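Residue numbers (our numbering): 1 to 265.
Hints are supplied without guarantee of correctness; some may be wrong.
Within a straight-line C-alpha distance of at most 25 Å, the following computed PhoX-like cross-link-like pairs (lysine-lysine) qualify [said to hold, decoys possible]:
hint, residue 1, residue 2
1, Lys231, Lys37
2, Lys66, Lys37
3, Lys66, Lys231
Calculated from the structure, these hints are not laboratory results. Predicted model only: the values in this text are computed from it and were never measured.
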Amino acid sequence: MNMSFYVGAIGADHCSRKLGVIANNLANVNNNGFKPKTAVFSELLNYNLNDSPEAVTQLTAGAGVKVQRTDTNFGVSGMRETGWEYDYAITQPNAFFMIQDPVSGEITYTRSGRFHRGEREDGFYLTTESGKLVLDQNRQPLLLEVADIEAMREALEGGDYEEDYEDDYDEEDEDEDLPRVSIYTFSNPSRLLSVGDNEYTTGNTGMEPILVEHPGLEQGVLEGSGTDMAKELTRMIECQRAFSFAARLVTTSDEITGTINNLRG
Numbered sequence: 001m002n003m004s005f006y007v008g009a010i011g012a013d014h015c016s017r018k019l020g021v022i023a024n025n026l027a028n029v030n031n032n033g034f035k036p037k038t039a040v041f042s043e044l045l046n047y048n049l050n051d052s053p054e055a056v057t058q059l060t061a062g063a064g065v066k067v068q069r070t071d072t073n074f075g076v077s078g079m080r081e082t083g084w085e086y087d088y089a090i091t092q093p094n095a096f097f098m099i100q101d102p103v104s105g106e107i108t109y110t111r112s113g114r115f116h117r118g119e120r121e122d123g124f125y126l127t128t129e130s131g132k133l134v135l136d137q138n139r140q141p142l143l144l145e146v147a148d149i150e151a152m153r154e155a156l157e158g159g160d161y162e163e164d165y166e167d168d169y170d171e172e173d174e175d176e177d178l179p180r181v182s183i184y185t186f187s188n189p190s191r192l193l194s195v196g197d198n199e200y201t202t203g204n205t206g207m208e209p210i211l212v213e214h215p216g217l218e219q220g221v222l223e224g225s226g227t228d229m230a231k232e233l234t235r236m237i238e239c240q241r242a243f244s245f246a247a248r249l250v251t252t253s254d255e256i257t258g259t260i261n262n263l264r265g
């Protein structure tokens with residue numbers, strides 16, 4: 001097959017893939033904790049014209065490009081205050097909440113801290129919007145303490161509710177082993193695999209999560225999407241033009257081939 005057909009066709013195909021990545025970033029512009037992806041291109045085979053493959057000459061030709069991988073930047077995005085006690089924002093890069101599917105037991109990681117109080121058979125747990133359990137520093141589901149209304153009423157009637165509350169608060173601050181919202185990091189976060197819904201998994205990479213001893217967390221705050229509209233729209237325009245050039249290359253090659261065939265009779 002004529003090389004020009006091949007270069008144009010493969011160029012148009014991989015420009016379409018890059019447009020898909022950009023479209024996904026734009027679609028998640030309002031999703032908490034979303035991290036945009038970037039399509040990374042690699043150059044295909046280059047070869048020398050009128051010389052041996054090992055020679056270094058100025059006359060070289062290429063066979064197009066392809067999308068080699070998609071990179072994800074796990075940096076910190078803009079924050080917004082919500083005041084909701086179960087909202088958490090990670091204020092350091094390359095760190096994640098560890099969550100677990102209560103049905104399959106599968107563990108995934110996310111930077112979205114929009115959590116809720118979910119009721120289960122044995123109590124209330126901190127869960128994600130999809131019902132997955134948030135794990136603590138011991139990799140166990142985080143059980144929430146629910147206020148005893150009757151005990152609070154009795155304490156108020158007795159006039160010692162405030163004193164009891166302060167004592168409990170001090171004891172909780174001193175006990176660092178109590179279950180708490182925790183975050184984890186990895187030696188190479190770029191190898192994490194996206195599984196959708198702002199979640200990632202280690203897959204078969206063999207990476208082990210590392211507990212962050214001094215986590216950067218803000219309660220009552222959410223991390224916004226990392227999508228930059230200006231950058232994504234600029235990339236979209238560039239990719240659309242590249243697609244048009246690649247498609248034009250195929251059309252021109254077809255016209256040249258047709259002309260040659262007509263001249264041959």
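Earlier hints that do not hold, by number: none
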